[in-house]
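Q: Given next are the chains, with one letter for each unit.
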Amino acid sequence: MSSFDGVTPLADMFAAVDRLRALPGSGNDLANLLPEQSAIYAGRPSGDAERLRGYVLASFEQTGLPETAMAFVVEELESGNSPYVVAAAAKAARGANAVPEHIVSLLLDAIERISQSDDFVRFKHAEPLENGAGATTALMELFRTLAWLGVRASTALPSLEAMLQRRPSAFSDAVRADIENAITAISRADRPKAPSCCADKSFSGALIPPNRADVDDVELQDQDGKVFCFRDFFPGRISVLTFFYTRCMNPNKCSLTITKLARLQQLARDAGLHDQINIAAITYDPAFDLPKRLYQYGANRGLSFDDRTRLMRSTGPFDPFRHRFELGVGYGSATVNQHRLDALVLDRRGWPIASYPRIQWREEDLLGALRSSLDAAAGTGR
Amino acid sequence: MDVKDYRKSYEDQLAAAAAQRNETAARPGLSGAEAGGSVIRSFRNALRTPMTHDEFNDNVRQLIATLQNSALTTQIRLAALQALKALAFLGDKFAPFRAEYLAALRQIARPGVDPELCEKALEVLAAEKDPDAQDLLRRGLRDPKSALVSAAKALQFLSYDDHSNVADLAFSIFNQLPDLGAKEAALRVLGTNPKSQDLFANLLKDKNQPLSLRTLSATGLHLLNPQKFADIAQQIVGDHSDSEDIRASSLGALANTLTDHALQTNSNFQNLVRQLGADNSLQNLSAAARRMLPKL
Numbered sequence: 001m002s003s004f005d006g007v008t009p010l011a012d013m014f015a016a017v018d019r020l021r022a023l024p025g026s027g028n029d030l031a032n033l034l035p036e037q038s039a040i041y042a043g044r045p046s047g048d049a050e051r052l053r054g055y056v057l058a059s060f061e062q063t064g065l066p067e068t069a070m071a072f073v074v075e076e077l078e079s080g081n082s083p084y085v086v087a088a089a090a091k092a093a094r095g096a097n098a099v100p101e102h103i104v105s106l107l108l109d110a111i112e113r114i115s116q117s118d119d120f121v122r123f124k125h126a127e128p129l130e131n132g133a134g135a136t137t138a139l140m141e142l143f144r145t146l147a148w149l150g151v152r153a154s155t156a157l158p159s160l161e162a163m164l165q166r167r168p169s170a171f172s173d174a175v176r177a178d179i180e181n182a183i184t185a186i187s188r189a190d191r192p193k194a195p196s197c198c199a200d201k202s203f204s205g206a207l208i209p210p211n212r213a214d215v216d217d218v219e220l221q222d223q224d225g226k227v228f229c230f231r232d233f234f235p236g237r238i239s240v241l242t243f244f245y246t247r248c249m250n251p252n253k254c255s256l257t258i259t260k261l262a263r264l265q266q267l268a269r270d271a272g273l274h275d276q277i278n279i280a281a282i283t284y285d286p287a288f289d290l291p292k293r294l295y296q297y298g299a300n301r302g303l304s305f306d307d308r309t310r311l312m313r314s315t316g317p318f319d320p321f322r323h324r325f326e327l328g329v330g331y332g333s334a335t336v337n338q339h340r341l342d343a344l345v346l347d348r349r350g351w352p353i354a355s356y357p358r359i360q361w362r363e364e365d366l367l368g369a370l371r372s373s374l375d376a377a378a379g380t381g382r
Numbered sequence: 001m002d003v004k005d006y007r008k009s010y011e012d013q014l015a016a017a018a019a020q021r022n023e024t025a026a027r028p029g030l031s032g033a034e035a036g037g038s039v040i041r042s043f044r045n046a047l048r049t050p051m052t053h054d055e056f057n058d059n060v061r062q063l064i065a066t067l068q069n070s071a072l073t074t075q076i077r078l079a080a081l082q083a084l085k086a087l088a089f090l091g092d093k094f095a096p097f098r099a100e101y102l103a104a105l106r107q108i109a110r111p112g113v114d115p116e117l118c119e120k121a122l123e124v125l126a127a128e129k130d131p132d133a134q135d136l137l138r139r140g141l142r143d144p145k146s147a148l149v150s151a152a153k154a155l156q157f158l159s160y161d162d163h164s165n166v167a168d169l170a171f172s173i174f175n176q177l178p179d180l181g182a183k184e185a186a187l188r189v190l191g192t193n194p195k196s197q198d199l200f201a202n203l204l205k206d207k208n209q210p211l212s213l214r215t216l217s218a219t220g221l222h223l224l225n226p227q228k229f230a231d232i233a234q235q236i237v238g239d240h241s242d243s244e245d246i247r248a249s250s251l252g253a254l255a256n257t258l259t260d261h262a263l264q265t266n267s268n269f270q271n272l273v274r275q276l277g278a279d280n281s282l283q284n285l286s287a288a289a290r291r292m293l294p295k296l
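Chains A and B supply the protein sequences, listed in that same order. The numbering of the first sequence is my numbering, which starts it at 1 and goes up by one. The numbering of the second sequence is my numbering, which starts it at 1 and goes up by one.
Calculated directly from the structure, the hints in this document are not laboratory data. All C-beta atoms in this analysis are idealised placements derived from N, C-alpha and C, irrespective of residue type, glycine included. Be careful, since some hints might not be right.
Examples of chain B residues lying across from chain A (beta carbon under 8 angstroms, computed) [to be verified]:
| no. | residue |
| --- | --- |
| 1 | 97 |
| 2 | 129 |
| 3 | 165 |
| 4 | 194 |
When the alpha-carbon atoms are kept at most 30 angstroms apart in a straight line, the in silico BS3-like pairs for lysine-lysine are as follows [unchecked claim]:
| no. | chain 1 | residue 1 | chain 2 | residue 2 |
| --- | --- | --- | --- | --- |
| 5 | B | 129 | A | 292 |
| 6 | B | 207 | B | 228 |
| 7 | A | 253 | B | 93 |
| 8 | B | 207 | B | 195 |
| 9 | B | 145 | B | 93 |
| 10 | A | 260 | A | 226 |
| 11 | B | 145 | B | 205 |
| 12 | A | 260 | B | 129 |
| 13 | A | 226 | A | 292 |
| 14 | B | 129 | B | 85 |
| 15 | A | 292 | B | 228 |
| 16 | B | 195 | B | 228 |
| 17 | B | 129 | B | 153 |
| 18 | A | 253 | B | 205 |
| 19 | B | 195 | A | 226 |
| 20 | B | 195 | A | 253 |
| 21 | B | 295 | B | 228 |
| 22 | B | 129 | B | 195 |
| 23 | B | 195 | B | 85 |
| 24 | B | 195 | B | 153 |
| 25 | B | 228 | A | 226 |
| 26 | A | 292 | B | 295 |
| 27 | A | 292 | A | 253 |
| 28 | B | 228 | B | 205 |
| 29 | A | 292 | A | 260 |
| 30 | B | 153 | B | 205 |
| 31 | B | 129 | A | 124 |
| 32 | B | 207 | B | 145 |
| 33 | B | 129 | A | 253 |
| 34 | B | 205 | B | 195 |
| 35 | B | 93 | A | 292 |
| 36 | B | 145 | A | 292 |
| 37 | B | 207 | B | 295 |
| 38 | A | 226 | B | 295 |
Starting from the given sequences, assemble the full structure and let the hints guide the process.
A: If you want it as structure tokens, here you go:
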């Protein structure tokens, strides 16, 4: 796959993934294709990048899902809004030897999220979807994963029964048939129980090794047009740093990130921590996200700007940030084509001490991480 | 427009579509008039309340079948599509049919289908950010012989998604096609592409360019680089040899950037605006100046 890149025709990419699928033990090779910054997505339109990523993800039902790929599956089930990619994540989960404890709630949330945007999906030879005959839909794949979980998904039974009883039905006849199958499969006590794995819903900020890419002198501009360098703002206080862009089409990602940042700001204020921390978000799309746009985006989501709370864009290169913070973001020809969720806690030198990639972090948990970091910094002087 | 008016408007359009159609539908046993009447009945029935869940579903199924039926006339199928577009707004109620509806549209958005029907289907799919539809549109722009819609329409449909990578194609279309409509569509697309700033600046300054292209360039540059726009617009407003319309548009846009710009303390510019406001020989420009004066 190293010879493929963003200009390789999509049909050739699908054929290459098909070949990999057929190879025994190819799960890890396929997992290496999942990161958003992978060269195979570079320069592609978002729709094509999503379709390719979904095609790779769906392969894991056949090859088995490596543990390293589970975070990608969880992220799509938790935050994805493309029916194709969410369906692919549901299929991928069926290749897992062990599933997270909260997989059932993730699947039910995904069903709720996709229920008004269901579409036919096909993961073999990337056939065009001109005719839905023989294809499944995203919702069907989600219900089939609940069925695959068997008794492990027993907590979903009341929700599934309520879905069936609901009038008017929000589901097509074909989807209702899959709901009925899921209920039957879950109710059968003789079904094997899919084992749990360690990927729990509980919040865990993993320490990440600092990448030495230098961002200290990279120039930033905030929502008011003020210009400064990274080193002028971040060092000296513990910081929360997230990434976003205003043209993001997924309401569960950038828009929600900034909304949660505003809630975190309020919590920090209530806890008396506000004066000790920085709260910042840097846009992935600096050429488009001019100060006025940043201001409106933040203000509309409840962020109250001050010296310690800012939205920023790089006026210089953005790549140093991608490398320093190991960001999961890829670009089409004009803007971002896909990205993961990224939130970091930085120490008083501006180095990451905790990272929360791909998960919907909770404001209370991040506040706890900030409090711990402040306590630790008070002890060590960092 | 309130919901009742909206509904009535659709019903009128459907009735008009049925009335225009005199030819007999090719489907044996069903005349064009009968099929058209059937579409209208299905649509009216689907909106009627109270109605049972099953009745609603039957009517939507009937509309999708009509849309898919290549034996029926284009007018009837267009009427069915129009009705389905309206019903798609019903959210939960329409959700069970969404996948089937999109699949029907994909069957229509292809070569060999009536161009008008194909274009309408492509537009709906493009609005849904459908990757296959976007691919068809991009292919048509690269190879006009395979194009299903005009270049201007293809650009418009692709512009529904900022992430569709249409900017490079829009640059090519702008430079290669003489058609003013296609050029205008290209500039609209480029209005969200930061790399278009120089193109917009050059067009805005070029008095030989058509007014529509200069106006679109003003809009685009204002969006992408307000500072650069303000610098050029200031020169245009003071250039008595330039078109009054573009000077008035520039002045109007400058009024919205005043708080950010040094113009607020530029006495020469302020004097110019006062002179323009008092010049009765000018129409739009004088009016724009008078609107700006209270802000200075």
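Q: What are the numbers of the hints that this structure violates, sorted from low to high?
A: 9, 11, 18, 23, 32, 35 and 36
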